[in-house]
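All chains should be modelled from the sequences, with the hints used to inform the complete structure.
Chains as they are written, first to last, in the working numbering: chain A, 1 to 205; chain B, 1 to 205.
Heads up, some of the hints might be wrong.
What the hints assert, rightly or not - Some residues of chain B that are not near chain A, with every Cβ distance over 10 Å (derived): (1) R9; (2) L13; (3) G24; (4) D49; (5) T64; (6) S81; (7) D82; (8) D100; (9) V120.
What the hints assert, rightly or not - Quick look at which bits of chain B chain A covers, simulated, 3 or more residues with Cβ under 8 Å: (10) 106-117; (11) 128-138; (12) 159-172; (13) 196-203.
Note that these hints are calculated values from the structure, not bench results. A virtual CB, placed ideally from N, CA and C, is assigned to each residue, including glycine.
Protein chains: 2
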Amino acid sequence: MPKDGTINRERILDAAQHLVIENGFAATSVDQVLRAAGTSKGAFFHHFDSKLDLARALTERYVTADIGQLHAALDATAQISDPAQRVVEFIRHFEDSADDIMSAQSNCLYVAVLAEQQLVSNGTADLIRHAIDVWRAAITELLSAAATSRALDLGDAEDLADHVFVTFEGAFLLCRSTGSPEHMRAQLRVLRRLLTAALSAGVPA
Amino acid sequence: MPKDGTINRERILDAAQHLVIENGFAATSVDQVLRAAGTSKGAFFHHFDSKLDLARALTERYVTADIGQLHAALDATAQISDPAQRVVEFIRHFEDSADDIMSAQSNCLYVAVLAEQQLVSNGTADLIRHAIDVWRAAITELLSAAATSRALDLGDAEDLADHVFVTFEGAFLLCRSTGSPEHMRAQLRVLRRLLTAALSAGVPA
Chain A
1 MPKDGTINRE RILDAAQHLV IENGFAATSV DQVLRAAGTS KGAFFHHFDS KLDLARALTE
61 RYVTADIGQL HAALDATAQI SDPAQRVVEF IRHFEDSADD IMSAQSNCLY VAVLAEQQLV
121 SNGTADLIRH AIDVWRAAIT ELLSAAATSR ALDLGDAEDL ADHVFVTFEG AFLLCRSTGS
181 PEHMRAQLRV LRRLLTAALS AGVPA
Chain B
1 MPKDGTINRE RILDAAQHLV IENGFAATSV DQVLRAAGTS KGAFFHHFDS KLDLARALTE
61 RYVTADIGQL HAALDATAQI SDPAQRVVEF IRHFEDSADD IMSAQSNCLY VAVLAEQQLV
121 SNGTADLIRH AIDVWRAAIT ELLSAAATSR ALDLGDAEDL ADHVFVTFEG AFLLCRSTGS
181 PEHMRAQLRV LRRLLTAALS AGVPA
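In C-alpha cells form, the structure reads like this:
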C-alpha cells in the first residue's frame, strides 16, 4: 500500500498543534510529537527540515484557518443590507461559534508563537501579522460602511477593527488562566454590545 | 562588606523577568539568568528551590505590581464625583501610561506563563487568576456605580470589567506580533471610547 504523505503530514501537524498550544513550543520535543502522531523520525524529517520549520508550517496552517473563519463570517452576513447591523451580526457569528472554538482548543496558537522570541525573530510571527492585516482590512471596511450609513464618528476605524483580534486573544488568555472556556463567548458578547452602543451613539474623542 | 540578599534576589528576578518575557520560560535556562544577573548558581539556589520556584516568585512579584497599578488608577480617580466620568478617567489613566508600560517591556509576563501547561498545572497561573479576580471586583464596582447613577443597563458588569484585562492582554499580543508598541495606547483609547458610548447609550442585549 502506498503511504499517503499528505495524511501523515496533517497528522503530525495536528499532534504538534495540540502539544504546542498546551505546553508551548520550546517545551515540546520532536519525540513527543512523533509519539503523539504515531509516526517515525524519518517521516517527520521527510516533511519538515527542523523543529523551527514545523513551527512555521503549524502557524501557516493556523493562519489559513483563521482567515477562513473571517471569510465565513463575512459570507454569512453578506446579505445584510444595513451596514451597522452587519457589523453586529458579524460579531454575533463568532459569539455563536465561541463554545465550539473553546471545546477544540484551550488557547490560541498565536499565544505560543508570540511567547518565544526565537519564533518572533525567525519570521513565524510575520505570518500572524499577515492574519492581523487581513482581519484589520476587512473589518475596517465593515466599520467604515457602518459609520457612513449612520453618519457617525467611530474614531480610528483600523484601531477599532484591531479590537476584534485583541478581544479574541485576550479572551483566550482569560479562559486559560481561569480554566473557564465560557469567557470566550462572554467577551465576544461584550464586544458586540459595546459596538452596538458605539453604532448608536458614535464614540466621543 | 556583607552581601545584601534582597538586592541579589531582586536582581535575579529582574534578569529572569526580562528573559522569560522575551524568550519564554522553557526557552530560558538558569545559566542564562545567572549570566544576565551577574550572579552565581549558589546565590540562585539560595533564593529559589528550582526553576519552577523562580517562575512562581516572578509571577508573584508581577501580580503585586499589577494590582499596585490598579490601586494607583483607583486612587488617581477617587475624587471624581460622577461615577460614569470616573470609569472613563480610570481607563484614560492607563492610556496615559501605555507608552511607559511598552517602553519597559515587549510583552506581558502573563502570556509567557499561560503559554506553558507546566506553569498552569503547578499553580503559577492561579496567581494570575487572583489578579484577574481583584481587577474584576474593583472595576465591577466602578461600572455598577456608573450604571446606577445613569440608570443604564450595562449588561453583565463582571464580563464588562473583565474586558479591561482582555484589552490589555490582547493589546500586548498585537504589539508583539506587529512590533508596534503604540498599539497599546491605541487599544486603551478604543476601550475608553467604547465605554464612553456604552455609558451614554447603555448596551442593548
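Now the hints, each set against the structure:
1. R9: holds (25 Å)
2. L13: holds (19 Å)
3. G24: Check fails; 4 Å does not lie beyond 10 Å.
4. D49: holds (20 Å)
5. T64: holds (17 Å)
6. S81: holds (20 Å)
7. D82: holds (15 Å)
8. D100: With a cut-off of 10 Å, D100/B remains clear of chain A, as the shortest Cβ separation is near 19 Å.
9. V120: violated (7 Å)
10. 106-117: n = 8 at 8 Å, threshold three: holds.
11. 128-138: Coverage by chain A holds for the stretch 128-138 of chain B (3 residues, Cβ < 8 Å).
12. 159-172: Three-residue rule met by the stretch 159-172 of chain B, so holds; n is 11.
13. 196-203: Since three or more residues must qualify, the claim that chain A covers the stretch 196-203 of chain B holds, with 7 doing so at under 8 Å.
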